[in-house]
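Here are the chains, one letter per residue:
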Amino acid sequence: METMQQLLGPAWMPTWIVIKIVVIVLPLLIAVAYLTYAERKIIGWMQVRMGPNRVGFFGYRLWGLGQPIADAVKLMTKEIMLPTGANKTLFLTAPVLAIAPAMAAWAVVPFNDRMVLANVDASLLYIMAITSMGVYGVVVAGWASNSKYALLGALRSAAQIVSYEIAMGFALVGVLMSAQSLNLVEIVQHQAGGFWQWYWLPLFPLFIVYLIAGVAETNRAPFDVAEGESEIVAGFHVDYSGMAFAVFFLAEYANMILVAALVAIMFLGGWLSPLPFLPDSMVWLFAKMSFVLFCFLWFRATFPRYRYDQIMRLGWKVFIPVTLVWILVVGAFMQTPLGYLFH
Amino acid sequence: MDFASLVFYFFAAILLLSALRVVTAKNPVHAALALVLAFFTAAGIWLLLEAEFLAITLVLVYVGAVMVLFIFVVMMLDINIEEMRKGFWDYLPIAALVAGLMAVEMVVVLGGDRFGLTAPAPLPADFSNTKQLGLLLYTDYVYAFELAAVILLVAIVAAIALTLRRRPNRKIIDVGWQVRQTHEGRIRMVNLKPQKPEAKPVEDDE
Numbered sequence: 320m321e322t323m324q325q326l327l328g329p330a331w332m333p334t335w336i337v338i339k340i341v342v343i344v345l346p347l348l349i350a351v352a353y354l355t356y357a358e359r360k361i362i363g364w365m366q367v368r369m370g371p372n373r374v375g376f377f378g379y380r381l382w383g384l385g386q387p388i389a390d391a392v393k394l395m396t397k398e399i400m401l402p403t404g405a406n407k408t409l410f411l412t413a414p415v416l417a418i419a420p421a422m423a424a425w426a427v428v429p430f431n432d433r434m435v436l437a438n439v440d441a442s443l444l445y446i447m448a449i450t451s452m453g454v455y456g457v458v459v460a461g462w463a464s465n466s467k468y469a470l471l472g473a474l475r476s477a478a479q480i481v482s483y484e485i486a487m488g489f490a491l492v493g494v495l496m497s498a499q500s501l502n503l504v505e506i507v508q509h510q511a512g513g514f515w516q517w518y519w520l521p522l523f524p525l526f527i528v529y530l531i532a533g534v535a536e537t538n539r540a541p542f543d544v545a546e547g548e549s550e551i552v553a554g555f556h557v558d559y560s561g562m563a564f565a566v567f568f569l570a571e572y573a574n575m576i577l578v579a580a581l582v583a584i585m586f587l588g589g590w591l592s593p594l595p596f597l598p599d600s601m602v603w604l605f606a607k608m609s610f611v612l613f614c615f616l617w618f619r620a621t622f623p624r625y626r627y628d629q630i631m632r633l634g635w636k637v638f639i640p641v642t643l644v645w646i647l648v649v650g651a652f653m654q655t656p657l658g659y660l661f662h
Numbered sequence: 488m489d490f491a492s493l494v495f496y497f498f499a500a501i502l503l504l505s506a507l508r509v510v511t512a513k514n515p516v517h518a519a520l521a522l523v524l525a526f527f528t529a530a531g532i533w534l535l536l537e538a539e540f541l542a543i544t545l546v547l548v549y550v551g552a553v554m555v556l557f558i559f560v561v562m563m564l565d566i567n568i569e570e571m572r573k574g575f576w577d578y579l580p581i582a583a584l585v586a587g588l589m590a591v592e593m594v595v596v597l598g599g600d601r602f603g604l605t606a607p608a609p610l611p612a613d614f615s616n617t618k619q620l621g622l623l624l625y626t627d628y629v630y631a632f633e634l635a636a637v638i639l640l641v642a643i644v645a646a647i648a649l650t651l652r653r654r655p656n657r658k659i660i661d662v663g664w665q666v667r668q669t670h671e672g673r674i675r676m677v678n679l680k681p682q683k684p685e686a687k688p689v690e691d692d693e
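Those sequence lines, one after another, are chains F and E. Residue numbering for the first sequence follows the working numbering, starting at 320 and increasing by one per position. Residue numbering for the second sequence follows the working numbering, starting at 488 and increasing by one per position.
Heads up, a few of these hints could be off.
[Stated by the list, open to error] Simulated DEER-style distance windows between Cβ atoms:
1. Thr396/F x Leu623/E: 30 to 40 Å
2. Leu504/E x Ala419/F: 13 to 23 Å
3. Gly658/F x Leu564/E: 50 to 60 Å
4. Ile362/F x Val666/E: 24 to 34 Å
5. Phe497/E x Thr334/F: 49 to 59 Å
6. Leu657/F x Tyr625/E: 45 to 55 Å
The set of hints was computed from the structure by calculation and includes no laboratory data. Just so you know, these numbers come straight off a predicted model, no measurement behind them. Note that the Cβ used here is the ideal one computed from N, Cα and C, for glycine as well.
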C-alpha cells in the first residue's frame, strides 16, 4: 500500500476511496443477486415446492445456484421498450433515480468500529435524507410511462412512502435519544454488553414499528400496493423491460438489504456479539442482517396484501401514536434515576 | 483554483440552470423536478459551507416530503399552458417588484463587508453543527421555536378543518367493530329435516 501511495502521489486519496466504494458495492450487487435466489428457494420450501434447481455451473446443477446469473444475462440481452407517448428522458432517468439512493446510503453504514466509508457526524440524518429520495424513482417512472396503471402505482407508492417515513423518523428519534448521538458507529458502541443491552429491548415498540415501516418503505409484500399484480398488473414498472426493469429490481433488493443493515445496527447491536465473552466481529452484523432479510421473505410468504385504506390507517393511526408515546416514555424515564434502563 | 471552489462552481452552475428551468419549463412536472434538483444542489452548497444539519434537513424535508406531495398533485393536474400564459403581462409588475427586492437583499448579504458584516471565523474539525443548533434552539430561542411549532400545529388543524366535509352515508370502516364480529352474528344454524317432494303417482298410459 505504501508503494502505491508513493507511486500515485496526490491521486492516491481519490483512488483509495474508489477502491473502498467498489469493495462495498460489488459484494452488495452479488448479495442482491443471491437474495433473489434465497427468496425463491425459501418461499419455495415454505410452500412445499423445490424452487429453482436446474441452472448450475459447468454441467453440475448445484441446487440451481446459477439461476441469478442466468436471469441477469437474460435481462441484459432483452430489448428496452419505450411506450408510445412516454417521456423518453424521464422514462430512462427513473431507474437511475431509484437505484442511486439505495447505493448512496451505504456510504455511512459501518461494518465495524473502523470499517466505514465516511464516518460523518450526522450519519443517521444522512440515511434518513437519502432513503427519502428513493420515492422519486417510483413516481417519475409512473408518470413518464404514460400508462394509467403505472400512474396509479406511482400515486399509491408516493402516499405510502411519505406516510411511513414519518413513523420511521420518529422510531429513529427514540434511538438517537437513547444513544445521544446521530453517528451510527457511536449508536452501536452504546449498545455494548450483551444482547439484553441492545435497543430492541428498551425500545421494543420502536423496533417493531421500524421493522414494519421498513417493509412498507421498500414496497415489499404485504405492503406492495405500488406493484399490486392482481389489481394494477405491476404498478409503476409495468412498461419497463430488460435492463431498465432489472435496475428497479436491483434497487428494491438493495433497499431491503439496507433496511436489514439499519435494523441490525440500530436495534440489534450491529457487529457486537450477543454474549459478552464472544468476540465482536462483522460476522455478527451479517448474521443479524440475514435474520432480518429472512423475516422479509417470511412475511411475503405468509401475509396477504393489505388493502390501501388499511395501510394508511396502520401508518397514521397506529404507528405514529405508538412512536410518539414511546418517545415520551423514554424522555420521561431519562429524567428519573431509572434512566439507565434506556441508556 | 482549489478543489472546494471547483465543487462550488459546479454546484452553483447546476443550481442556476435548474432554477432557470423551474420558471421556463412548459411542463409543470418538469418544472417541479427541476425544483427538486435545485434544492438538492443547494443542499450540496450548504454542505460546502459546513452547515451539514441544514443541508441534510433541506433534503429530508423539502426533497423527501414537500416536493413528493407537490409532484403528487402536479402529476394529476391537466394544465392548459396557453391559459396560464395569458396572465403574464398582468403579473409582470408584481413579479418585477419581488425580483428587485430579492436582488437588493442579495447585494446586502453578498456585499456584507461594506456594511460592516464580518464573516464568521472557521471552526475546528470536531465542531458539531447539529449539537450547537439544538442547544441554541432549546435555550436562547426556545420561546420563538415553540411558538413556531404551535403556529404550524394550528395551520395543520385549520387545513384539515377547512377541507373536512361531513357527508351522510360515508363508507367509513370501524376496525374495532370488524374485529369483534363472530360467526354468531353472521350465520344462523338451522336444523332442517331433509325434505323430499311427494312422489307423483305413476301414470299408466298404454
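How the hints compare with the structure:
1. Thr396/F x Leu623/E: 30 to 40 Å: violated, 58 Å
2. Leu504/E x Ala419/F: 13 to 23 Å: Once the Cβ atoms are compared, 20 Å apart, the range 13 to 23 Å for Ala419/F and Leu504/E holds.
3. Gly658/F x Leu564/E: 50 to 60 Å: holds, 51 Å
4. Ile362/F x Val666/E: 24 to 34 Å: holds, 29 Å
5. Phe497/E x Thr334/F: 49 to 59 Å: For Thr334/F against Phe497/E, whose Cβ atoms are near 21 Å apart, the range 49 to 59 Å is violated.
6. Leu657/F x Tyr625/E: 45 to 55 Å: With Cβ atoms ~23 Å apart, the hint is violated.
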